[in-house]
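Undergrad: With the numbering used here applied, the sequence shown corresponds to residues 1 to 135, in that order.
No lab work stands behind these hints, which were simulated from the structure alone.
We put the CB at the ideal spot given by N, CA and C, even for glycine.
Watch out, some of these pointers could steer you wrong.
Computed beta-carbon distance windows for the label pairs [claimed, not checked]: (1) Pro31 x Leu93: 31 to 39 Å; (2) Asp92 x Gly47: 38 to 46 Å; (3) Gly34 x Thr116: 15 to 23 Å; (4) Asp58 x Ala106: 34 to 42 Å; (5) Asp38 x Pro94: 23 to 31 Å; (6) Val56 x Ala106: 33 to 41 Å.
Quick list of in silico lysine to aspartate or glutamate cross-link-like pairs, EDC-like style, CA-CA up to 20 Å [what the hints assert, rightly or not]: (7) Lys57 x Glu18; (8) Lys97 x Glu63; (9) Lys97 x Asp126; (10) Lys109 x Glu82; (11) Lys109 x Asp126; (12) Lys57 x Asp37; (13) Lys60 x Glu18.
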Amino acid sequence: MTLVLSKATTVLPVDDAERARRFYADTLGLPHHGVADDGSEMFGSTGGPMLQLMPVKDGKHSEHTALSFEVSGIERTVREMESKGVQFQDYDLPDLKTENHICTTASEKCAWFMDTEHNILCLHEDTTSVADYQL
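All chains should be built: construct the whole structure from the sequences, respecting the hints.
TA: Here's what the structure looks like:
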């Protein structure tokens with residue numbers, strides 16, 4: 001058996017499915033795919049990766065990045081998302097520092113924000129070329 005990640009579904013817990021649906025559809029612009037029988041809001045397109053916003057009653061959420069979106073032009077994307085009301089996190093730690101909301105490493109640039117349900121999300125841009133990877 002072989003698993004294919006490109007058709008995987010990421011499941012995020014949400015306290016308020018309608019509020020979360022508005023954030024992911026209206027603010028982030030993800031394509032809404034419908035509502036599952038359990039009330040989960042589904043995003044994505046048939047045959048591709050999906051995002052499931054699953055209502056939870058306990059309010060428990062991850063304390064680490066739950067989902068990361070790969071983008072190109074992260075600086076522009078951060079500015080566009082800020083104009084829609086997304087608030088990015090800033091860090092000034094020994095191993096994690098942001099400048100203008102973006103952390104730059106040898107291989108990528110990252111920026112973190114939270115959804116309306118306190119899930120930690122990330123934008124990342126790969127700054128390496130295919131030639132940089134050695135198999």
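Undergrad: What are the numbers of the hints that this structure violates, sorted from low to high?
TA: Violated hint: only 5; rest satisfied.
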